[in-house]
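Asks: Here is how the chains run, residue by residue.
There are 4 protein chains.
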Amino acid sequence: MIASEIEIDIRFSETDAMGVVWHGNYLKFFEDGREAFGKTFGLEYLKIFDHGYFTPIVKSEIDHKAPVYYGQAIKVITRYVPTKSAKIQFEYEVVNQTTGEVCAIGKTMQVFLDKETRTLELITPDFYREWKKRNQV
Amino acid sequence: MIASEIEIDIRFSETDAMGVVWHGNYLKFFEDGREAFGKTFGLEYLKIFDHGYFTPIVKSEIDHKAPVYYGQAIKVITRYVPTKSAKIQFEYEVVNQTTGEVCAIGKTMQVFLDKETRTLELITPDFYREWKKRNQV
Amino acid sequence: MIASEIEIDIRFSETDAMGVVWHGNYLKFFEDGREAFGKTFGLEYLKIFDHGYFTPIVKSEIDHKAPVYYGQAIKVITRYVPTKSAKIQFEYEVVNQTTGEVCAIGKTMQVFLDKETRTLELITPDFYREWKKRNQV
Amino acid sequence: MIASEIEIDIRFSETDAMGVVWHGNYLKFFEDGREAFGKTFGLEYLKIFDHGYFTPIVKSEIDHKAPVYYGQAIKVITRYVPTKSAKIQFEYEVVNQTTGEVCAIGKTMQVFLDKETRTLELITPDFYREWKKRNQV
Numbered sequence: 006m007i008a009s010e011i012e013i014d015i016r017f018s019e020t021d022a023m024g025v026v027w028h029g030n031y032l033k034f035f036e037d038g039r040e041a042f043g044k045t046f047g048l049e050y051l052k053i054f055d056h057g058y059f060t061p062i063v064k065s066e067i068d069h070k071a072p073v074y075y076g077q078a079i080k081v082i083t084r085y086v087p088t089k090s091a092k093i094q095f096e097y098e099v100v101n102q103t104t105g106e107v108c109a110i111g112k113t114m115q116v117f118l119d120k121e122t123r124t125l126e127l128i129t130p131d132f133y134r135e136w137k138k139r140n141q142v
Numbered sequence: 006m007i008a009s010e011i012e013i014d015i016r017f018s019e020t021d022a023m024g025v026v027w028h029g030n031y032l033k034f035f036e037d038g039r040e041a042f043g044k045t046f047g048l049e050y051l052k053i054f055d056h057g058y059f060t061p062i063v064k065s066e067i068d069h070k071a072p073v074y075y076g077q078a079i080k081v082i083t084r085y086v087p088t089k090s091a092k093i094q095f096e097y098e099v100v101n102q103t104t105g106e107v108c109a110i111g112k113t114m115q116v117f118l119d120k121e122t123r124t125l126e127l128i129t130p131d132f133y134r135e136w137k138k139r140n141q142v
Numbered sequence: 006m007i008a009s010e011i012e013i014d015i016r017f018s019e020t021d022a023m024g025v026v027w028h029g030n031y032l033k034f035f036e037d038g039r040e041a042f043g044k045t046f047g048l049e050y051l052k053i054f055d056h057g058y059f060t061p062i063v064k065s066e067i068d069h070k071a072p073v074y075y076g077q078a079i080k081v082i083t084r085y086v087p088t089k090s091a092k093i094q095f096e097y098e099v100v101n102q103t104t105g106e107v108c109a110i111g112k113t114m115q116v117f118l119d120k121e122t123r124t125l126e127l128i129t130p131d132f133y134r135e136w137k138k139r140n141q142v
Numbered sequence: 006m007i008a009s010e011i012e013i014d015i016r017f018s019e020t021d022a023m024g025v026v027w028h029g030n031y032l033k034f035f036e037d038g039r040e041a042f043g044k045t046f047g048l049e050y051l052k053i054f055d056h057g058y059f060t061p062i063v064k065s066e067i068d069h070k071a072p073v074y075y076g077q078a079i080k081v082i083t084r085y086v087p088t089k090s091a092k093i094q095f096e097y098e099v100v101n102q103t104t105g106e107v108c109a110i111g112k113t114m115q116v117f118l119d120k121e122t123r124t125l126e127l128i129t130p131d132f133y134r135e136w137k138k139r140n141q142v
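Chains as they are written, first to last, in the working numbering: chain P, 6 to 142; chain F, 6 to 142; chain G, 6 to 142; chain Z, 6 to 142.
Because identical chains cannot be distinguished in the list, a pair is counted as satisfied if it fits within a single copy or across any two copies.
Within a straight-line C-alpha distance of at most 20 Å, the following computed PhoX-like cross-link-like pairs (lysine-lysine) qualify:
#	residue 1	residue 2
1	Lys-120	Lys-70
2	Lys-92	Lys-70
3	Lys-137	Lys-92
4	Lys-33	Lys-64
5	Lys-112	Lys-70
6	Lys-89	Lys-64
Rather than coming from a laboratory, the hints here were simulated on the basis of the structure. These numbers come from a predicted model, not from an experiment.
Only chain P is shown next, with the shape it has when bound in the complex:
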C-alpha cells in the first residue's frame, strides 16, 4: 500500500458559525492530500493532463468523527486504493494534530476523460498501467 501525508493549517475562512471547519472544506483537504500524493509518487494532475486526460472526481464520501477548530492543524493521510478498472481511488484519514484524534475519513474515485472529446476512457491508459506496475499496486 502506498500513501502520503501532508500537514495543513486551518484557514479562518474555512470555519463556520459553529466555530468549526465547515464540513464541505474537507473535500479541499482531500484535494491537498491528492496533490501531495501526486508529487510524492509522480502522479501529478498536470502529468496526467499531458498524457491526454482530465481525471474528474465522480464519487466522494466524507465521514466526520470530530470537529476541528481554528488554530488547530490537521494531517491528511492519502492512501492509494488499487483497482483493476480505469479509475483512480483514494482513501483519506484526517488527523487533528492538536488533539491526536482522527477527525474525518473519506474516499474519492476519479475517472479518465479524454481531454479533447471529454469522453470516458474505459480502458486503463498505458501510462497509468505502467505507473501501477512501477508502484506495484
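Dock chains F, G and Z against the given chain P, drawing on the hints supplied.
Replies: For chains F, G and Z alone, coordinates are given in the frame of chain P:
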C-alpha cells in the same frame, strides 16, 4: 415521502479550470437544498438551534453523473429519508435545467449536538419527534 | 445611471467562526450583483464571451460597514460607473434586509482580454460601445 | 518596516473556468499572509482574541497585475503599515514564483471589536501599543 425543490444559477466562482462546476461545490448546493426544505417544512436550522441543538453534518456522499457548465442552472431536489434514530437524513438529486440530465445525486446525515455542551444527543429530541409525527415521516 | 438589484440568502458555509459572513464572500455577492445586472441590461458574461472577450476583474475594493449573520438576507445594488476607457466598472451597495443597514459598499473594474490571445484590448470593443450608446452611459 | 513571506501552492479548486485563480481567492492568500506575519511577529489572531478582541477586516483592496495558473506557486509578502489609530493595516505583494512576476498587490485594514460586546474599540489596546513599541512600528 416529503421533498422540496430549489433552482440555483451557477456562479462563475463555482467553476474550475476544467470549465465545469468544481465537485466540492455540490455540498453547497445540498446545503441550499436543505435550506429550501427547512423553509418549506418548518425545519429551519435556526428553529432547531432555538430548540437547543446544532445539527452538524457527520456524513456526506456525492455521485457525479454529468458536468455542469457556467451559464447553466440546476435544480436541487431534497428528499427527507425517515430514520428511527436521532438523525436527520436527506437524499439529493441535482438536475441540470439546461440539459435535463441528472448531474449528481447525494446523501447527508446530521446528528443533534447540545448547543451548550456540544455532546451528542442519542435520543430523538421532542420537537423533532413531533415534527416527524406532523409530517408523517 | 443604470443599476440592478438582487436579493441573496446567506449560506451557512459563508459564515466564519466570528458568527458572521466571512469578508471575502462579499466578492461572491458582487459577482451575483454583476450577473443580475448583466441579465437585466444585456451585458451577460457569456454574451461578452461570444463577442470574443474575457472580462477579468483587475481591481476590487470592499468597505465593510456592519456584520451580516446567518439567517439574514442581503440585497446587492449594482450600479454601472461610466468610463471612457475600455473597462467595465461597477459600484456595489450591500444592504442587510433584516436590519435595513448598509453593510458593505465596494467597487470592481474589469478589462477586456482577447479570448484567444489573452492580450489586453485597449480600444473599447464595438459591441460594448454600442451597448453604452443604447443605455446612454 | 516589518514583513513576512509565505509560499502557497495553488489549489485546483481555486481556479475558475478562465483557467486562472479566481480573483476572490486572493483574499484567502492575504489571509495566509496575515497568519504567517502573525506567527513570525507574535501577533496571532488567537493571541489577540485572548486579549479580548476580534479584529475583523473592514476594508480590503486587490489590484491584479497578471494571472496565476494551476500548477504554479505564489509567494505572499505581507508588510505591516504603521498607523496611529486603533487599526491593523497590511500591504500585500503576491509574486508568481513560476514566472517571477508580481501578480497582485493589495491592502487590508482591521479594527478591534470587544469580543463580548462587539463594540468598536477606538483607543489602541495596551497589548497592541506594547507590541508596536517592541517592533518599533
